[in-house]
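If you read the protein sequences in the order shown, they are chains U and G. Residue 368 in the numbering used here sits at position 368 of the first sequence, and the numbers go up by one each step. Just so we're on the same page, the numbering used here is the position in the second sequence counted from 1, plus 1000.
Check each hint, because a few of them may be wrong.
Said to hold, decoys possible - Computed Cβ-Cβ distance ranges for the label pairs, DEER-style: (1) G/T1100 with U/D360: 47 to 55 Å; (2) U/M390 with G/P1063: 30 to 38 Å; (3) G/H1154 with U/P189: 54 to 62 Å; (4) G/G1029 with U/E380: 44 to 52 Å; (5) G/P1063 with U/M1: 43 to 51 Å; (6) G/D1054 with U/S321: 35 to 43 Å; (7) G/H1154 with U/D180: 22 to 30 Å; (8) G/E1028 with U/Y92: 45 to 53 Å; (9) G/R1163 with U/E380: 26 to 34 Å; (10) G/P1063 with U/N402: 23 to 31 Å; (11) U/M334 with G/G1011: 28 to 36 Å; (12) U/D185 with G/R1163: 27 to 35 Å.
Keep in mind that the hints were calculated from the coordinates and are not lab data. In this text, a Cβ means the ideal position worked out from N, Cα and C, and glycines have one as well.
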Amino acid sequence: MLRQIEGSHAIAESVARCRPEVVCAYPISPQTHIIEAIGVMVKEGTLAPCEFINVESEFAAMSVSIGASAAGARAYTATASQGLLFMIEAVYNAAGLGLPIVMTLANRAIGAPINIWNDHSDAMAVRDSGWIQLFAETNQEAADLHVQAFRLAEELSVPVMVCMDGFILTHAVEGVDLLDQEQVDRFLPPYEPRQVLDPEDPVSIGAMVGPEAFEEVRYLAHLRQLDALDRIPEIAAEFSEMFGRDSGGLVRPYRLEDAETVIVAMGSVLGTIKDAVDERRDAGERLGVLGITSFRPFPLEAVRQALAGRERVVVVEKAFSLGMGGVLATDVAMAIGTTTLHTVVAGLGGRPITRTALLDMLERARTGRLATLSFLDLDEGVIARERARMATVRRSGPFAENVLRDLGRPREDQA
Amino acid sequence: MFQVRFHGRGGQGVVTAAELLAVAAFSEGRHAQAFPSFGSERTGAPVVSYCRIDDREIRTREPISVPDAVVIQDVTLIHQVDLFAGLDVSGYVLINTSRTFAELGLGELAERYRPDHLMTCPATEFALEHVGRPVPNAALLGGLAALTGQVPIHAIGDALRDRFGPTVGERNLAAASAAFDHVRAQMEVVSGAAAD
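Isolated chain G (complex conformation) (with noise of 0.2 Å):
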C-alpha cells in the first residue's frame, strides 16, 4: 500500500488533490481510496487529506499517520503543523516553493531523508501561467507522479478533465506537465550528482 498525506489550506484545492489522486490510481486499475481530515472547513485553515493507493481491497479507514509521501501545498504550514510526522526515512516529499530545503529552514529535516525524495516544485507559479489562479493541487500531483512513479502523468490527467470538463481540465493537465518535467528534471540532477 503507498499512503500519501497532503497539507495545505482551506481554498487551495488540498482535498480535491486527494481525490484526483485517488481517480487516477483507480483508473490504472489499482484501488484507492480518498478522504479529507474533516474540520470545519474554512478557508486559509489549516487542512488534511489522505490517499490510499493499494493492489488489493482497502479495508481500513484510520487516517494515515505513516504516510510514504507528504505533499505540501502551502510553505506557511511549515513550523506550525507537524508536516513530517510519520514519515519514514525512504519516504517523499514534495513542497510547494521555489525555494530550497534548506532556504525554508527544513536543512536537518532534509539530511534524515534521501536527497532524490525530497523535490521542490512552484506550483502555484505554474497554476497560475497555465490555469490563472493560485491553485497548486493539479501542478503538484503531476510533480507527485514524477517523484513517485504511482500514477502515471496521463491518468493525472484523465482525472483532470473528468473532474473539470475539456478545457479548465487541460489548462490543469498543462500545469501538471510543467511540474512533471520540472520534477524529473531535479531528479536527473539528484541523481546524475550521485554518480558523480
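Pulled out of the complex, with its shape left as it was, chain U reads as follows (with noise of 0.2 Å):
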C-alpha cells in the first residue's frame, strides 16, 4: 500500500515482512530510527518470532550477527559511519565465513573531523571487505532492496549491504508502497542454510587457512560476488515482474540513447542529477545518467557496455580517495578505458548538491574547463589562506579548528 512515511519507518517495516530471527544493533545517526522502530515491532509482538539483542557496541552487533547466522538464523542489523568502522574487523569476518547477514548502511561521513551528515565514505571503507553494496536512489527502493537482497544474500551465502543515504533518504517522508506480508512471503522462502551449527551434525566454521590454501578461499569469495553479477539483475527481475516495479538490478540508465556526455553516480543524488540533465536536455544538449545501484560486485560490463563511444564521462561521488582521487571513477575507468574521464566529488559530510553548482559543472564540461579531479563548490579561498598559515607558521594548529575559526570571521569580502 502506497503511504507517506519516513524511510527508516518504511525500512523497519520492510525488514520486519523479511521475517528476521535475530536483530542485534547499536544506534548511531542516522540508523537510529530504523533500529528503535524495529526494536518497538518486536517488543510489541507484531515482529515475531524475532528477538532483538541489545549490546554494548557495534562490535559486538556484528559479532551476535554472525553468531545468529551461523546458529541458522535470519539476521539482520543497521549502523552507520563511525559505528561500520568499529565492527570493521567482523564485517571482514561475516564476508569471509560466507554467512547471508543483511545490514542497512544509513550512509554517513566518516571523522575526523566528526560529521554526521551524509557521504559514502563509510560504504567506500568496507568496498574490500566481501559485502554485496547496493545503492538506493529512493526509499521506495531502498525498502524494495531489503527484500532482494535477504534473497539474494540467502541464494549465494554472501552478506549484503543495503546503502541509503543518511539523513536524505532515512529522513525523508515521501510516499513508499510497501509490500504486505503475503507479497514477501511469495518472493522470500525461509532461509535455508548453506552451513550451520547444529549439535546433532557438528561442522565446524572459522577454520585457520594458512598459505596453502587462503588464495583459493578468497578466489571461491569473489567467484561468488560474480555469480550475484548475474543474480543481481535476475532477482530485480523477478521482483519488477511480481510487483510491477523496477527496483534494484546492477546500473540504472537515463536518457542514454544519444547522449555524448553521460554523468555517473550512485545514490539519491541521481534524482538532483536527472532534474539538472533535464533541464539541458531540453536547451538540445544531448546528456545521460547512470546510475550505479551494485556497487561490490562492480557491474563492469554493464557500465562499459553504457558507456562505450561516449565523448565524456562525469563521475559525481560523495567519497574520495585522499592522495588519489576518485573511488567509485576508478572502477568506471577501469571499465571503460580511454574514454575521457572526470570525477567530481560532492556532497562530503553533507554539502548539499545543487542542480545550480551540478549545471555549472556540466557547462565546464562541455566547454572543456572540467579538470580530471574537480570538487563541487570548493571553497578556494578558505583553502588558500589556511595553506598560507601552513607555509608561513611551523605550529598553525588543528586544520578544522581553523577552517571553522577563519569561515566564522567576518571578511571584506563578505560584508
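Join these two chains into a complex; the hints should help.
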C-alpha cells in the first residue's frame, strides 16, 4: 500500500516483513530510527518470532549477527559511519565466513573532523570486505532492496549491505509502496542455510587457513561475487514481474540513447542529477545518466556497455581516496578504458548537491574547463588562506578548527 | 512544485510540521517530500525543515533555497537567521506572533511582498488554548492552509489524527482550525482594504 512515511520506518517495516529471527544493533545517527522502530515491533510482538538483542557496541552487534547467522537464524543489523568502522573486523569476518547477514548502512561521513551528515565514505571503507553493496536511489528502492537483499544473501551465502543516504533518505517523509506480508513471503522463501552450527550434525566454521589454501578460499569468495552479477539482475527482474516495479539491478540508465556526456553516480543524488540533465536536454545538450546500483560486485561489463563510445564521462561521487581521487571513478575507468573521464567529488559530509552547482559543472564539462579531478562548490579562498598559514607558521594548529575560525571571521569580501 | 520552508527551534515540532504537511498533501493525491535540515538536534537550537508538494514525482533532494512559502514558528529567530533567503516577491510568509510585521522590525521587508501573502497568527496561544502545550506547529499548518490553499484543512486534520491519535489529534485540529479562521479573516481584511 502506498503511504507517506519516513524512510527509516519504511525500511523497518520492510525488514520486519522479511521475518528476521535475530536483530542486533547499536544506535548511531542517522540509522537510529530504523533500529528503534524494529525494537518497538519486537517488543509489541508484531515482529515474532524475533529476538532483538541489545549490545554495548557495533563490534558486538556484528559479532552477535555472525553467531546468529551461523546458528541458522535470519540475521539483520544496521549502522553508519564510525559504527561501521568500529565493527569492521567482524564485517570482514561475516563476509569471509560466507554468512548471509543483511545490514542497512545509513551512509554518513567518517571523522575526523566529526560529521554526522551524509556522504559515502563509510561504504567505501568496506568496499573490499566481500559484502555485496547495493545503493538505493529513493526510499521506495531502499525498501524493495532489503527484500531482494535477503533473497540474494541467502541464495549465495554472502552478506549484503543496503546503502541508503543518511538523513537525505532515512529522514525524508515521502511516498513508499510497501509490500505486504503475503507478497514478501511469496518472494522470499524461508532461510535454508548452506552451513549451520547444529549439535546433531557438528561442523567447524571459521578454520585457520594458511598459505596453502588462502588464495583459493578468497578466489571462491570472489566467484560468488561474480555469481551475484548474474543473480542481482535476475532477482530484480523477478521482483519487477511479481510486483510491477523496477527496483535494484546492476545499473540504472537514464536518457542514454544519444548521450554524448554521461554522468555516473550512486544513491539519492541521482534524482537531483536527472532534474539538471532534463533542464540541459531541453536546451539541446545530449546528456544522460548512469546510476550504479550494485557497487560490489562492480558491473564492469554493464558499465562498459553503457559508456562505450561516449565523448565524456563525469563521475559525481560522495567520497574520494585522499592522495588519489575518485573511488567509483577508478572502477568506471577500469570498465571503459580510454574515454575522457572526470571525477567530481561532491556532497562530502552532507554538503548539499544543488542543481545550480551541477548545471555549472556540466557547463564546464561542455566547454572543456572541467579538471580531471574537481570538487563541487569548493571554497578555494579558505583553502588558500589555510595553506598560506601552514607555509608561514610551523605550529599552525589543527586545520579543521582553523578553517571553522576562518569561516566565522567577518571579512571584507563578505561585508 | 510548491516549496515550503519551516523555521523554528528544537522542541517546537518544526520537523513534524513539514512531515504533517507532506502527509496532508499526499492524502489529497499529490506527491510530497518532507525532510529536516539535519543539524545535531538540541532543544532551543535553530531548526529548519522543508516540504515540497507537486503533481508529479519529486526527484530532487537538495535543500529548498528558493521557497514559495516560509513559516516562522519562533519570532526570536528574526534578525538571527536569514529567514527570507530566496523567497520570491510573490512568496508567502506566515509568522507565529500576535504582533505586526512592522512591530517585529520587518516593515521594510514587508513592503517588498504582496500584503495578502504576509500573515501573522498567534499559533502558540491557539496551541495553549486547545492543546494545552506551547507547540505552535499544528496551528501554523492551519494558517498555512488558509494562506496558500495548497492543502485543505480537513487533510491537515486527517494528518494530525493519524499522527497523534483521535483525542490529541482533534485538539491539534481545533488549534489548526482556529488559526485557519484567524488567517482567513486577516486575508479578508487585506483584500477588503485593497478593494477600497
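Hints and how they fare:
At about 41 Å, the beta-carbon gap between G/T1100 and U/D360 misses the expected band of 47 to 55 Å. Between U/M390 and G/P1063 the Cβ separation comes to about 32 Å, which falls inside the hinted range of 30 to 38 Å. At roughly 44 Å, the beta-carbon separation of G/H1154 and U/P189 lies outside the given 54 to 62 Å, and the hint is violated. A hinted range of 44 to 52 Å for the beta carbons of G/G1029 and U/E380 is consistent with their spacing of about 47 Å.
In this structure, G/P1063 and U/M1 break the distance hint of 43 to 51 Å, their C-beta atoms being roughly 30 Å apart. Distance hint for G/D1054 and U/S321: a CB-CB separation of about 38 Å, consistent with the stated range 35 to 43 Å. Distance hint check: the CB atoms of G/H1154 and U/D180 are about 28 Å apart, consistent with the given range 22 to 30 Å. Between G/E1028 and U/Y92 the CB atoms are about 49 Å apart, so this pair conforms to the stated range of 45 to 53 Å.
At roughly 45 Å, the beta carbons of G/R1163 and U/E380 sit outside the given window of 26 to 34 Å. The given range of 23 to 31 Å is respected by G/P1063 and U/N402, whose C-beta atoms sit roughly 27 Å from each other. At about 50 Å, the CB distance of U/M334 to G/G1011 disagrees with the hint of 28 to 36 Å. At about 30 Å, the CB distance of U/D185 to G/R1163 agrees with the hint of 27 to 35 Å.
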